[in-house]
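Undergrad: Residues per chain are reported as follows:
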Amino acid sequence: MSVTRRLLLSAVGAALVTMPVVAEAQNLPRNVRMVIGSSSTGGDTYQNASILADALSEHLGVNVRVDPVGASEAFKALARDSRGTTIMMHHDQSYLQELYGVEGSPDIFEEFTVGPTISVNPGNAYLVPADSPYQTMEDVLAAAEAGERVRVAIQPGGVSEIGFTAMRNAARMQAPGSEENIVPVNTGDQADKNQAMWDDLADVINGSIQANEQFTQLPEDDPTAMRFIWITATPETLNQAPEEGLGETDRAEMLTYAAPEVSVPMTAEENFTFDKEFFLMFNSETDPALIEAIDTAMDEIYAEGDIQQRFLDAFFTPEYRPMAEAQEHLQSKNDDYETIISELKSE
Amino acid sequence: MDLLAHLIDPWFLGLIFGGTLMGIVFGAIPGMTATMAVAVCLPLTFSLGLVNGLALLLSLYVGGITGGLVPAILLGIPGTPSSITTTFDGFPMAKRGEGERALKIAIIASVVGGLVSLVALYFFAPVLAQFAIKFSYVEKFLIIFFALTVMAALSKDMLLGIFSGVLGIFLSLIGTYDITNGGNGHTRLIPPGMEYWLDGGFALLPVLIGIFGVTVILEEAELGMPRGQSLKDIEVGPHSRFSFSVFRGQWVNLLRSGGIGTFVGILPGVGGSAASILSYTAAKTTSRHPERYGKGEPAGVIASEAGNNGLTGGALVPLLSLGIPGDSTTALLIGAFALQGIQVGPLFISQNIDTWNAMIAAMLISNLVMLVVMFFAIRWFAMVIAVPKQILYPFILMMCVIGAYTINYGIIFDVWTLLIFGVFGWIMAKLRLEVAPFIIGFILGPAAEIYFVKSLESFGDLAIFFTKSWIAVVLWVLIVASVAGSIAISRRNARMGEPSA
Amino acid sequence: MDNLTRVTIDFDTSHLIFPTIIAIVLGLLGLAILVRDRAAILGSGRMWATTFRAMDKTRFFGALALTIVYFLLMVPVGNIWPNAGYGFLICSVPYVVALGLLFMHARTPAAIGAMLAVAVIAPPLIWWLFSEIFFLTLP
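In order, the protein sequence lines correspond to chains B, A and H.
Once you know that position 346 of the first sequence is 346 in the working numbering, the rest is easy, because the numbers rise by one and skip nothing.
Once you know that position 394 of the second sequence is 741 in the working numbering, the rest is easy, because the numbers rise by one and skip nothing.
Once you know that position 48 of the third sequence is 896 in the working numbering, the rest is easy, because the numbers rise by one and skip nothing.
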């Protein structure tokens, strides 16, 4: 666990000298570049990528570098390289941005080979100011039904918007037409969303357990204090999170903000949930044997069990799904969300 | 472990020393930035543990911000974006043989700026954070607008200068209206056929080192590589001896610049480079001799360097009291905390008082280490001037390539940007367009756009810029004063019979 | 009065607002320059002619050409050994040598020797530092 990339590198270097056959046998390139869909080295995408990259480096005896070039450049780099020396890691944003019609978004299921899932960030959440009249999501939907405008701060075109879309969908199911009262406040990063709440430009904001939990612990008279109103993760995912939770909010409390305790219906039978999942993508012309080698390596890494603790320490939940299963899973997720997004759009 | 234990821990001290030193080297190489230094060392912190890891990263930050002054003064190439304003007066000083004096002034100003912001951070972080959240889109736009007014003050020819600045803003808008900043993700202004390369626009760092570094080299090539300065030229003579008397009458400037730097750091999203630009503007407009600025005025170097080091403490305020980074470097620190499973937010300081104290101690020590190291290294730095150009320039170009390619983790178009803006800068000079306002426009353009459009989008009223809050009114007063000051300066220059000097 | 200052921003087209304003301002400033400096602008042909006559063409265009070739070769050369940074390493050495020779005035053995030493030592050192120690991707 306390292996730095640098130490790892020298270890790998030594390993390569002593047993060059290993890497050769699997036909893996010695230097793999893992581009990710975020351009920040401080964010969750980078953290998950570097945990996986470290594990893969160690297990396969190759160098795996993580390059946070951002989604647009990452897709370009992946499209250019069919030799398997470039792989990409990203999360649900990669297909959601296409569903939301963001300019220049590829259809990942068409243009790339979607690979195994890695882990989940269970943190996606919606919050209200501590003194908000809304106690639950039901209050929010009821307010919309009563004709009150509810302003929700989101970053449009992806993960941050999907929960908002679900709210509007639920409002429409409950009282057709009331979804018009749930309006987006289009902001940028988390700082902007918080600021929108403090400036009284938004009644509800998208946020995360990680970034906003401490604000929920402030005394209620603090002007920056917030309350969770909805955590979008599935109960299965939250149940895998550490029991002590994060900060002062333990897992039991988190579960009270998530389905099925908080119900935002997606269909008559089903609640809407959203797990932000990280997964790999490959150039569609990459040698299948190479992709399989990585998939197998991941299977073995997760079987060893060390990587799980690393994810949990950083408040992510490990969730490896082998290639085929992952493809099916992500495709069905894509289809579910496509339905509600397109239904809302068509009106 | 309490603070005292850290202070006698050789690891802790060694990491601060090494970090500061490496930061200075990174900052001093054109194309390498403090952000890059922190980014490459981030993975190391995993094995170092939280306090030692932070000590390393913070001292890299302090060293990196400071190191940028070295090439800014000696070569006229800013080592980091926040040292652009240092070139305005530092380089003219070096050209007239006062390089060493300029370096010393800059170093002391840096330390003072760093200490001012550290005091602000340690004693007032929560209060300052509460104040910072009063800045909505409107106030942030006005801050940026105020910083943009420096274009007028920096112009040699007001009309051409402002044109250059607006051109800089225009070029900075090319590409996607970035969703992560609040935009709608649509592209605009891309020349036909360039969509593949330009959807992300031109990156700041390659533009900056292109227009400063590559342009300088092209201009020298055009002149046939004239012989440069030798060590003899910058030898300390009576005319250039450094003495503390330079700082007489500059205490207000030092404290104000440190304060401005701190304050800009506190405002998330305004961007680090605005710190030195604003403190330079403030120093120039309040000076009794504004006409000396841009020609080698020590007060300009002081303002710029105290301002950019003031940033270091300031940018940590929102990080540690709101969980929101104040600039691109502190954004990386979030990663360091997250890797250790530590939350940053409004409760960070009270819940991690030992870590907090150790961080402050690390930054304090790092500032002192920086002072000592830089003073010792001045002689070696100065030798850069004596390196033959046929060795220095190819080397700088190579480093610019590394810097441009690695700043966004491997995008080859960033390398081409370097050359495009190198040639562009050369043409600009021929057309008498001005680089300083251009680059300020380019840096501040994207933030100006977001905050301007978002202000109108949120409030739906043009009057909001005047009526939002008392802060907005104060900012308008500053803006008007700055513009009036610039006009007065250019009038005075005209009267003195040296228009566009 | 209130109505005069009211504006509604359509988010879907909001990417065009600021560029439009800036383009208009830029155009007006350009126009003002055109009017004020028309003499200089008309004479700019002569300015460029003088510039190119006085220029050290070998060094100026040589430096440009070398840099373009350097940038062009870096990626394909690097692609032979993916993600190892050899493109930078292999192309930088001759680039530094060629540019050094181009810029040099008195090509004495001592000067050439010093330059060659830098060209042979610096790129590998930089490559090693950034690619192997800092673990960054180079071309």
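Hints were generated in silico from the structure; no laboratory data involved.
Just to be clear, a hint being listed does not mean it is correct.
When the alpha-carbon atoms are kept at most 25 Å apart in a straight line, the in silico PhoX-like pairs for lysine-lysine are as follows [as the list claims (entries may be wrong)]:
(1) A/Lys642 x A/Lys777
(2) H/Lys905 x A/Lys481
(3) A/Lys777 x A/Lys481
(4) B/Lys345 x B/Lys333
(5) A/Lys442 x A/Lys736
(6) A/Lys451 x H/Lys905
Source: prediction; values computed, not measured.
Undergrad: With the threshold set at 25 Å, check whether the alpha-carbon distance from H/Lys905 to A/Lys481 stays at or below it.
TA: With Cα atoms ~57 Å apart, H/Lys905 and A/Lys481 exceed 25 Å; violated.
Undergrad: Does the structure keep A/Lys777 and A/Lys481 at a Cα separation of 25 Å or less?
TA: Judged against 25 Å, a Cα distance of about 45 Å means the pair is violated.
Undergrad: With a cut-off of 25 Å on the C-alpha distance, tell me whether A/Lys442 and A/Lys736 pass.
TA: Distance of about 16 Å is within 25 Å: holds.
Undergrad: Do the alpha carbons of A/Lys451 and H/Lys905 lie within 25 Å of each other, as the hint requires?
TA: Between A/Lys451 and H/Lys905 the Cα gap is close to 39 Å, so the pair fails against 25 Å, i.e. violated.
Undergrad: Between the alpha carbons of A/Lys642 and A/Lys777, is the straight-line distance 25 Å or under?
TA: Holds, at roughly 20 Å.
Undergrad: Next pair to validate is B/Lys345 with B/Lys333; report whether the Cα-Cα distance is within 25 Å.
TA: Distance ~18 Å between B/Lys345 and B/Lys333 Cα, so the pair holds.
Of the numbered hints listed earlier, those contradicted by the structure are 2, 3, 6.
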